[in-house]
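Asker: The numbering of the sequence shown is the working numbering, which starts it at 472 and goes up by one.
What the hints contain is simulated information worked out from the structure, not anything from laboratory work. Even for Gly, the Cβ is constructed at its ideal location relative to N, Cα and C. It is possible that some hints are incorrect.
What the hints assert, rightly or not - Derived lysine to any residue pairs resembling SDA-like cross-links, with alpha carbons at most 25 Å apart:
| # | residue 1 | residue 2 |
| --- | --- | --- |
| 1 | LYS558 | PRO538 |
| 2 | LYS495 | ILE564 |
| 3 | LYS489 | ARG518 |
| 4 | LYS509 | LYS536 |
What the hints assert, rightly or not - Just the calculated beta-carbon pair ranges, DEER-fashion:
| # | residue 1 | residue 2 | range |
| --- | --- | --- | --- |
| 5 | ASN508 | GLU529 | 37 to 43 Å |
| 6 | ASP528 | THR491 | 21 to 27 Å |
| 7 | ASN497 | ASP546 | 18 to 24 Å |
| 8 | LYS536 | TYR511 | 30 to 36 Å |
| 9 | THR491 | GLU529 | 40 to 46 Å |
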Amino acid sequence: MLDLSYMIPEESEESMTKETINIKYNGKTYVIPQPFNKCYFGAEPTRELTIHNRFSDETFQQSCKLPSFAVAIYDTIIGAEASEDYKLMQKGITWFQKNFPNQYYTLLD
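Please build the complete structure, drawing on both the sequences and the hints.
Answerer: Dropping the structure here:
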């Protein structure tokens, strides 16, 4: 078994008691609920990245820009689907539909 604990950031006692994280992006405050508040958003959580639809191919390309914190939640959704954790997957999809509806239709619908 591989030890991947080095990839998980150290959590302070304060961060372990918080149930949500608020991130300001483009003039709006996004509430990141549990368990997504434990995702690693990178050094710049609001830095925009271009994400391609995973079903795109040479004849059909779809992509959109998302802030790093939303990319982390997107990655969690895809990982939850792969591991058949449909409760976590649905929680992430619901968050995406509410907060990034256009990107949801591009990447997850």
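Asker: Each hint needs a verdict: does it hold in this structure or not?
Answerer: Hints, one by one, checked against the model:
1. Note on LYS558 and PRO538: the hinted pairing holds, with a Cα-Cα distance of about 24 Å set against a maximum of 25 Å.
2. Pair hint LYS495 plus ILE564 holds up; C-alpha atoms about 20 Å apart against a cutoff of 25 Å.
3. Between LYS489 and ARG518 the alpha-carbon distance is near 23 Å, which keeps this suggested pair within the 25 Å criterion.
4. The suggested pairing of LYS509 with LYS536 holds, with an alpha-carbon distance near 22 Å, which does not exceed 25 Å.
5. At about 38 Å, the CB distance of ASN508 to GLU529 agrees with the hint of 37 to 43 Å.
6. Between ASP528 and THR491, the C-beta spacing of about 38 Å breaks the proposed range 21 to 27 Å.
7. In this structure the hint that ASN497 and ASP546 lie 18 to 24 Å apart at CB holds, the actual value being about 21 Å.
8. Taken as a hint, the range 30 to 36 Å is violated for the pair LYS536 and TYR511, whose Cβ atoms sit roughly 20 Å apart.
9. At roughly 41 Å, the beta carbons of THR491 and GLU529 sit within the given window of 40 to 46 Å.
Violated hints for the displayed structure, listed by number in ascending order: 6, 8.
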